[in-house]
Amino acid sequence: MSRQQELDRIAEEIRVCTLCRLSESRTHAVPGEGSPRAAIFCVGEAPGESEDLTGRPFQGRSGREFTRLLSLAGLERDDVFVTGINKCRPPGNRRPRRDEMNICRRAHLDRQLAVISPRLVVLMGGVAVEEMLDIKGLLRDVIGRTVERDGRRYFVTYHPSAAMRFPAIKRVAERHFRRLRARVVG
Numbered sequence: 006m007s008r009q010q011e012l013d014r015i016a017e018e019i020r021v022c023t024l025c026r027l028s029e030s031r032t033h034a035v036p037g038e039g040s041p042r043a044a045i046f047c048v049g050e051a052p053g054e055s056e057d058l059t060g061r062p063f064q065g066r067s068g069r070e071f072t073r074l075l076s077l078a079g080l081e082r083d084d085v086f087v088t089g090i091n092k093c094r095p096p097g098n099r100r101p102r103r104d105e106m107n108i109c110r111r112a113h114l115d116r117q118l119a120v121i122s123p124r125l126v127v128l129m130g131g132v133a134v135e136e137m138l139d140i141k142g143l144l145r146d147v148i149g150r151t152v153e154r155d156g157r158r159y160f161v162t163y164h165p166s167a168a169m170r171f172p173a174i175k176r177v178a179e180r181h182f183r184r185l186r187a188r189v190v191g
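Our numbering applies: residue 6 is where the sequence shown begins, and numbers increase by one.
Calculated from the structure, these hints are not laboratory results.
There's no promise every hint is true.
[Said to hold, decoys possible] Label pairs and their in silico Cβ distance ranges:
hint : residue 1 : residue 2 : range
1    : A112      : T59       : 15 to 23 Å
2    : D155      : E11       : 15 to 23 Å
3    : R184      : E11       : 16 to 24 Å
4    : L58       : D13       : 16 to 24 Å
5    : T23       : R99       : 16 to 24 Å
6    : A112      : R8        : 13 to 21 Å
7    : E11       : D104      : 25 to 33 Å
8    : S76       : R8        : 23 to 31 Å
Ideal Cβ positions, reconstructed from N, Cα and C, are used throughout, including at glycine.
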């Protein structure tokens, strides 16, 4: 089975998944999208309202900011794979609960990572860092760093929605994304 076929199979499983309570209130699950051969795999938090309505990751304002940040690295969305820790929108856009993150990561995200086998996983925001690296607390301890864990390289940056709201974070995120392509090689 090709990588694309395997990703399509996982995406279909995500669309009908009922493993956690988030499936009860979603409009559409959001499996993720991008290149099955992506060197860079971007992970955010969970779908928001726009994503829930479309079934696609990083739509609306945060999606436009994400696309803009990628362009600073000379990348387009088709060059990367982008998804979230959770594939379903938490009610009221609340932070995903620990059990919801664990279930979704183990059932879906870990499998997507195994199929794509990227050279670098970009963790965008605290939720992604907490779940993937088991680091709790402030991002400032790991922001801008590459962390190796379980044979994978993870690069930690801010979530695009934070970059939209805070000028200082925006400048830091822009620096991170400008250096992103070099981190894949290095």
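Results for each hint:
no.	hint	result
1	A112 with T59: 15 to 23 Å	holds (22 Å)
2	D155 with E11: 15 to 23 Å	holds (20 Å)
3	R184 with E11: 16 to 24 Å	violated (31 Å)
4	L58 with D13: 16 to 24 Å	holds (22 Å)
5	T23 with R99: 16 to 24 Å	holds (19 Å)
6	A112 with R8: 13 to 21 Å	holds (19 Å)
7	E11 with D104: 25 to 33 Å	holds (26 Å)
8	S76 with R8: 23 to 31 Å	holds (25 Å)
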